[in-house]
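Enquirer: Spelled out from the first residue to the last, the chains are:
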Amino acid sequence: MTTVERPDYKIIGTSPIRPDGAEKVTGAARYAADFKPAGLLYGAILRSPHAHARVIKIDTSEAAKMPGVMAVATHTDLPAAADKVEAIGESAVNLKELSSNILAHDKVLYHGHAVAAVAARSHFEAEAAARAIKVEYELLPPVLDVRDAMREDAPLLDENRHTKVMGGQTSDKPSNIASHNRFEDGDVEKALAESDHVVDREYRTRMVHQGYIEPHSSTAMWNSDDTIQIYTSTQGAFGVRSLTSQVLAVPLSSIRVTPLEIGGGFGGKTVIYLDPVAAVLSRKTGKPVKISMNRTDVFEATGPTSGSYIHIKLGIKDGKIHAVDATMAYEAGAFPGSPVGAGAMTMLSPYDVPNFRLNAYDVVVNKPKVAAYRAPGAPAAAFAIEQAIDEACKALKLDVLNFRDSNSSREGVKMVNGVAHPRIGAEETVQAALASDHWKSPIEGPNRGRGVASGFWFNAGMQSSVIAGVNPDGTVNLIEGSTDIGGTRASLAMQLAETLQIPFEDVRPVVADTDSIPHNDVTGGSRVTFATGLATYEAGMNIRKQMAERAAKLWNCSEDDVDYIDGELHCKKDSTKTLTFKEMAAQQARTGGPITGSASLVARGAGGAFATHIVDVEVDPETGKVEILRYTAVQDVGTAIHRAYVEGQIQGGVVQGIGWALNEEYFYDEEGHLRNSSFLDYRMPTTLDVPYIETIVVEVPNPGHPYGVRGVGEVPIVPPLAAIANAIEDATGHRFTELPISPRRVVEELNQLS
Amino acid sequence: MDAFEYVAPRTLDEAYAAMSNGKTTALLAGGTDVIVQLRENRRHADQVLDVKHIPELMALKITADGGLSIGAAVPCAVIYENAEIAAKFPAVIDSASLIGGIQIQGRASLGGNVCNASPAADSIPSLIAQDTRLVIGSKSGTRELPIEEFFAGPGKNNLQPGELLIQLKIPAPKPRSGAFFNRFIPRNEMDIAVVNAGARIQLADDGETIADAKVAIGAVAPTPLVVPAAAQALIGKPANEETFAAAGEASAAAATPIADMRGSVAQRKHLAKVLTVRALRGALERAKENS
Ligand SMILES: Cc1cc2nc3c(=O)[nH]c(=O)nc-3n(C[C@H](O)[C@H](O)[C@H](O)COP(=O)(O)OP(=O)(O)OC[C@H]3O[C@@H](n4cnc5c(N)ncnc54)[C@H](O)[C@@H]3O)c2cc1C
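Sequence lines, in order, name chains L and R.
Each residue of the first sequence is one higher than the one before, counting from 44 in our numbering.
Each residue of the second sequence is one higher than the one before, counting from 2 in our numbering.
Simulated from the structure, these hints should not be mistaken for lab results.
Take these hints with a grain of salt, some might be off.
[Said to hold, decoys possible] So these bits of chain L aren't anywhere near chain R, every CB distance computed over 12 Å: (1) Asp-549; (2) Lys-668; (3) Pro-728.
[Unchecked claim] With a straight-line cut-off of 25 Å between C-alpha atoms, the simulated SDA-like cross-links for lysine to any residue are: (4) L:Lys-79 to R:Met-2; (5) R:Lys-270 to L:Ser-797; (6) L:Lys-108 to R:Ala-4; (7) L:Lys-177 to L:Thr-117; (8) L:Lys-668 to R:Met-2; (9) L:Lys-596 to L:Gln-631; (10) R:Lys-157 to L:Leu-723; (11) L:Lys-327 to L:Pro-80; (12) L:Lys-108 to R:Ala-267; (13) L:Lys-177 to R:Arg-44.
[Claimed, not checked] For each label pair, taking beta carbons as the anchor points, the in silico distance ranges come out as: (14) R:Ala-4 to L:Ala-65: 35 to 41 Å; (15) R:Met-191 to L:Ala-65: 51 to 57 Å; (16) R:Ala-4 to L:Gly-307: 28 to 34 Å.
Keep in mind it's a predicted model, so treat the numbers as computed, not measured.
Where is the CB? At the ideal position from N, CA and C, for every residue including glycine.
Let the hints inform the model, and build the full structure from the sequences given.
Expert: Structure follows, in structure tokens:
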């Protein structure tokens, strides 16, 4: 479904084979753990067995004597980092806290917190030596749940932490509540009082992990001239460079980061864990050192997303959302920085809500520090509000999709942060859902039900740079600094091919290291196809301009008389004078040398993305198992550049949402030990657990991009949690307000077992 | 993981000799349990002894008396790809075809599943229900024992030092009998049973009364559990839902599960009932086919 007449694109909207496909399919592509320079040493990290403890003493003397061991490191090998905040894509990090997350200082704050590291000649020798490090701990009571952590008498993770409130003030008493923000408009008390119907409910979600297949791995070489090379798996090589330089207190330019192929990240690889440790061990040994996590390390000690508590009062008046009063508390993990702000700012965005008051709390607990995860903060918020809406509609006998349509946000409606929406596709996605085959087909049979939910994500712009060099044979090298995590080599090459009107196969995209291309922000925020795409477009236009200038010289005419049509240069005044792109490329040497187009920019106008999902489920009341029978995801994608990858992003987001809704959770025992740090017990869906995810691609072009691109990668994970909960309610008559809606929870509830 | 030596004896005698050379030994059949345990430092061994080259452990046949003899190291896939076995011993296939996924089944053996002695192992309740006997060998000869006497606790079996499992022997199915195994997992594959259950019933001449029965459940106690009370609830009774429900209650009562990340006590006791009933329904259907 397209809302405006679509330009006559040649390449945009097709689904060519990705440039990096053959290497990845044959196994030739190099990932971080494949990187093995000569003389490589292997690092291993000793992690805390406790959730909360003071580190009294670390004795590495035995470990240092173990066979094969070349060096040992603890936090004393890291310089004291500045107590200041550094932005990394969609989130930000305090450097001092980052440093103590990388190697614990005086306290360990979660099970799995890194305490010390070893470099040895083999991986197994390093592991054995790490186990031989003796650490004396003084155990402290752990705080694991967000609401427990907020209590006045809760044990404190940091005695010096005070609550920051809006306007720059801080609380007098120390607290685990790192910040409290409020978004407010209208008169909520009055509006709730005058509503026809009020839903008043609490919702809880658990900490969940992105579950990328490739564990983190980093190899560092600290050279004798104090330059440092890092080969790593990351969503942002420039972020690794800047964070590592600050943690190590070395000049930014002394570090060169080469991003290798990346086996998934979903936001989790925007931060650093291993790079500075590998660098320190390399400095001590004079050899390259590689540290790779195993799956347990990844679960215990990288950044999942927050568990949350949300209390909502939703008032409906005359079929409209009249008021929302919400308290939202998100677990940040060991250090502040949960995405509760984004949760609050996205929650009401699909709707036009006149009266609201959202209190948002960022709370530290003895669990790993959270990192970004696909639309960070938004899924939990949608889990709450979209269920409240469903409940209200059922109570008032209103159709759930028609209600969303008549309450929909649109251009000009303000978000809770006061910013008005530009042209968006909120209504269009709801209307496409209403018109879908899925919505029109009946759902029948016992224990079956249907649910819908909507969702929003901002999408990001930020900084991008590309360099495009025309080869003499008419192909173009596209050098970019955005690591390719979701097929962006293809989506960028397609935009350059469209701009230059040359075949897609003639564009050769390369992801460069940090010495070879100017700054690029992270691959995150669904921003690369949009922002780096914008830079690619500008670089392409720049090449066209240079070609026109040269043609004008060759033809002795003015530049204004040269047209660029279908990849060919034409002289307006003399139709016999034409040059194809390839012919012009071949003439570079004698017309002024290589033609290079480049662009560096801060992209503004990232268009927000909206989605509405429909799901059918069947519940086995005897076992509590929920089967997904049918799933349709409707999404406004702006313009689909690579159609198959757009659909793939939508399907991937839905599958992660299904896992989050039904089974995934960080399972801690009372002492704060993570008990399910493997893919056996951390249950992500397998291919047998999900049906084919149907996609309906709505295209409301983003006015902020020449091809109308909106980010597509994140919003598809926003609606599934609520859509599935709503479907389960429809099937069973029971409303599940706590995630995951696992067989245990369902069977206990339906059979009143506990 | 620590370094270890790898040995691959060709005969039982070579194996017994290697097992008494004073080194800590880990036997390796398909390796789908033991390799994981070694890699994750949950187990240490000086030597890993691969039993897959010993002919007795790789033999698979239906014997003259109609029984099934399974070499301890025969991979699951070899078992379920045998059409005759699949037809005559469908409950063995129930287990063999759901352990892990296809790749795992190409390696994983029933002997390994049994010796690993997980309370949640997916072959054991089914093998118990079918009156399986284990043939155990050592330097000093062989001994046989009913499978239910083999388990000592989570991950612990009753093998003595120097002993290994050679064979599993399942008696020929009686007329009008059928066996069935099922488990509950939150996903549809690659998961560990929250509870599992195997059942066998034999119908009397009238085709309605249950003449003999055996029920076993897993993941609800330190070892897989035979439930004599369930058998009592079945034998002599008509094979119907009411009878099955009573047997299910007996399973729930016998279950003494723990609560962990895989399930709660209440959930497991409830599932012991549900899965027992479902196993009995499946067994009844097969018993009728076998009449
Ligand atoms: C991905 C995956 C999925 C799995 N899914 C399931 C599942 O769904 N259900 C399930 O029950 N299990 C499952 N398992 C566990 C495992 O695959 C099974 O227990 C399998 O049957 C073990 O057989 P094996 O031949 O690989 O045993 P091995 O790992 O070779 O051995 C298992 C144990 O038995 C000992 N042993 C082996 N042979 C002998 C012998 N002849 N005599 C004495 N001791 C011996 C070994 O020393 C070891 O302690 C899974 C494992 C993996 C890795």
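Enquirer: Each of the hints needs a verdict: does it hold here or not?
Expert: We went through each hint and held it up to the structure:
The non-interface label for L:Asp-549 is consistent with chain R: the shortest C-beta to C-beta separation is roughly 40 Å, beyond 12 Å. With a least CB separation of 7 Å from chain R, L:Lys-668 falls inside the 12 Å interface cut-off, contrary to its annotation. With a least beta-carbon separation of about 7 Å from chain R, L:Pro-728 fails to lie farther than 12 Å from that chain, contradicting its non-interface assignment. Our distance criterion of 25 Å between C-alpha atoms is met by L:Lys-79 and R:Met-2, whose separation comes to about 21 Å.
For the suggested pair R:Lys-270 and L:Ser-797, the alpha carbons sit about 11 Å apart, so the restraint of at most 25 Å is met. Straight-line distance between C-alpha atoms of L:Lys-108 and R:Ala-4 comes to about 18 Å, which keeps the hinted pair within the 25 Å bound. Of the pairs offered as hints, the one joining L:Lys-177 and L:Thr-117 holds, with about 12 Å between alpha carbons and a cut-off of 25 Å not exceeded. Note on L:Lys-668 and R:Met-2: the hinted pairing is violated, with a Cα-Cα distance of about 37 Å set against a maximum of 25 Å.
At most 25 Å may separate the alpha-carbon atoms for a hinted pair to count; L:Lys-596 and L:Gln-631 meet this at roughly 13 Å. Between R:Lys-157 and L:Leu-723 the CA atoms are separated by roughly 21 Å; this keeps the pair inside 25 Å, and the hint holds. Proximity of L:Lys-327 to L:Pro-80 is assessed by CA-CA distance (about 17 Å); at most 25 Å being required, the pair is judged to hold. Under the criterion of a C-alpha separation no larger than 25 Å, the hint pairing L:Lys-108 with R:Ala-267 is inconsistent with the structure, at around 51 Å.
Of the pairs offered as hints, the one joining L:Lys-177 and R:Arg-44 holds, with about 21 Å between alpha carbons and a cut-off of 25 Å not exceeded. Taking the beta carbon of each, R:Ala-4 and L:Ala-65 are about 38 Å apart, inside 35 to 41 Å as hinted. Evaluation of the 51 to 57 Å hint for R:Met-191 and L:Ala-65 yields a failure: the beta carbon distance comes to about 29 Å. Taken as a hint, the range 28 to 34 Å holds for the pair R:Ala-4 and L:Gly-307, whose Cβ atoms sit roughly 32 Å apart.
When each numbered hint is compared with the structure, violations occur for hints 2, 3, 8, 12 and 15.
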